[in-house]
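Q: This is what each chain is made of:
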Amino acid sequence: MGTGDCSWAFRTPTLNGLSYRFAVRCHDVRLGRYVQSFLEGLQESGAGAAAPVDHWYSLTVSAEGAIDVVRDGERLAHAQRRSDAVEWLVWDINRAAAQAGRDHLLFHAAGLQDGDAGVLVPGASGAGKSTLAAGLVRAGFAYLSDELMALELDRGRLLPYAKPIAVKPGSTDVLRDMRAPAIGADDPGADEDWLLPVGDEVSRPVGGPCVPQLVVVPRFESGHVTQLKPLSETEAFVTLAVNAVNFVEHGTDGARALGDLVTRCECVALTMSDLDEAVEAVRRLMAGVPTRRDLSQGVGRAG
Amino acid sequence: MPLDDNLALYDDVGHLLILLNVAAAAVWTCCDGDATFEEIVADLASSHAGDIDEITQDVWLTVRRLAELGLVDELAEDTGRAAGPA
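Taken in order, these protein sequences are the chains called A and B.
Position one of the first sequence corresponds to residue 425 (the working numbering), numbered consecutively onward.
Position one of the second sequence corresponds to residue 76 (the working numbering), numbered consecutively onward.
Hints listed in this document are in silico derivations from the structure and should not be mistaken for laboratory results.
Where a beta carbon is used, it is the ideal one built from N, C-alpha and C, also for glycine.
Do not rely on the hints blindly, as some may be mistaken.
To be verified - Just the calculated beta-carbon pair ranges, DEER-fashion: (1) B/D87 to A/V598: 40 to 46 Å; (2) B/G89 to A/D527: 22 to 28 Å; (3) A/V598 to B/V97: 38 to 44 Å; (4) A/D624 to B/D148: 57 to 63 Å; (5) B/R139 to A/P654: 31 to 37 Å; (6) A/G580 to B/A120: 52 to 58 Å; (7) B/Q132 to A/G539: 51 to 57 Å.
As the list claims (entries may be wrong) - Residues of chain A clear of chain B, computed beta-carbon distances all greater than 10 Å: (8) A520; (9) G580; (10) D601; (11) D615; (12) L638; (13) V672; (14) T676; (15) R680.
Can you build the whole structure from these sequences, using the hints too?
A: Okay, structure coming up:
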C-alpha cells in the first residue's frame, strides 16, 4: 500500500501499461469500481500483482459532483462526468505507457492474438483499427490493444497494452451488443466516443506476448466490397515504418526488426465497410483457408 | 535489408530510411570503392538489357543521387573510381 492509502476507500490492484505501473484510488467506492472496470485489461497477474506501484492516480469528487483527476499530486483534469474522468485517465495512461515502452518499437496499431499467433493492425486514426479489433474480440480473438502495440526488438514478439477499446460514434451500431447500457447523463451519449472494457470480467480475454503471423492494414470505405489485397514486403515495410511511433530512436535495429517482421508475416491490405465480413476475412486468413482467388476478388458484397 | 527486389537502407546519422528499387540497389551494390565508373556500367550492362548510353546515364544519375543522400562518397574523378559506401 502506498503512502496515505489508509485514507482512501478504494484502490485498484497494480496495473501495468508497457511497464508503466500505476494504481487508481479514490474515496468513492462506486466510482472506483466503475473506473476499475475499464482498466481490468491492464491488471497485473502473478508476481506483477505484488509489484510496487510507481504512480498513483487519485480521484476526488467535489460536493457538486465534479471529479478531479490527479496523478502523483499533479491535477490532470476536472471532469464533470465519471466517463470523462475515465477518458482523461486513459489518455494519460496512454501517454505514459508510450513513454515507458520506448525500449520497444511502438506502432499506432491494434493487436490481436489467435492461439499462439499475433495479428498486427497498423493504421492512422480513423482507419478502422479499433472497430476491427472489437469485432475480432467478439469473434473470439484475444485482445492485445486497439491503439498502441509494442514489438520486442530482440525476440520479435508483440506485447499487449490492453487499454479499453476506444470506439467512435460511427461504429456504435455495429458494436452495440458489446456496449453496457448508458446510465443517465453520466455516460457518453450516442454521438460521443466511448470506451469498451476488456478483460476476464467481461469475457473479453487479454492475450499475452506472441509472435506476429499476420499484418492487416485496414481501410474503412463506406459501401466498398470487403477486399483483401496482398502487400509486398516493401509496401508492408513502408506502412509499418510510417505508423511506427519511435522508429528514429531505434534506427538500424528498428529497421531490421521491421524487415524481419514483414518477411515473416503474411501482409495484406483490408478494405472494408462491413465489419462481419472483415472479421470473417481475417479469421479465414489466420486459419490459412483463403486462396489467391479470394485475395484478388471481393470476399463479400457491401450493403 | 532486402525487401522483394528492393533494398532498404537506414542512415543512422541522418535518420533517413531509404528504399532503393532494384536498379538503384544494383548500382549501390557495385559501389564498393574499387570498381571504376566504367566497370560498374559494363557490369550492369552485361546483366541488364538496354542501350549502353542509357545505362551509362542511369548509372551516373543514380550514383549522383546516392552521393547526395550520403550513401556513397563522391566520385573520385582523378582516379575514375567510384568511391565506396559512405
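Q: If a hint holds in the structure, say so; if it does not, say that too.
A: Do the hints match the structure? See the list:
1. B/D87 to A/V598: 40 to 46 Å: 44 Å, holds
2. B/G89 to A/D527: 22 to 28 Å: 23 Å, holds
3. A/V598 to B/V97: 38 to 44 Å: Check passed, 43 Å falls within 38 to 44 Å.
4. A/D624 to B/D148: 57 to 63 Å: 59 Å, holds
5. B/R139 to A/P654: 31 to 37 Å: For B/R139 and A/P654 the Cβ distance comes to about 35 Å; the hint holds.
6. A/G580 to B/A120: 52 to 58 Å: This hint is violated: roughly 41 Å between Cβ atoms.
7. B/Q132 to A/G539: 51 to 57 Å: 54 Å, holds
8. A520: 25 Å, holds
9. G580: 14 Å, holds
10. D601: The claim holds: A/D601 sits with its nearest Cβ about 41 Å from chain B, beyond 10 Å.
11. D615: Since the minimum Cβ distance to chain B is about 40 Å, A/D615 lies beyond 10 Å and the statement holds.
12. L638: Given a closest Cβ separation of 18 Å, the condition holds.
13. V672: Non-interface label on A/V672 violated, nearest chain B Cβ at 5 Å vs cutoff 10 Å.
14. T676: 5 Å, violated
15. R680: Its Cβ does come within 10 Å of chain B, the nearest being 6 Å, so this is violated.
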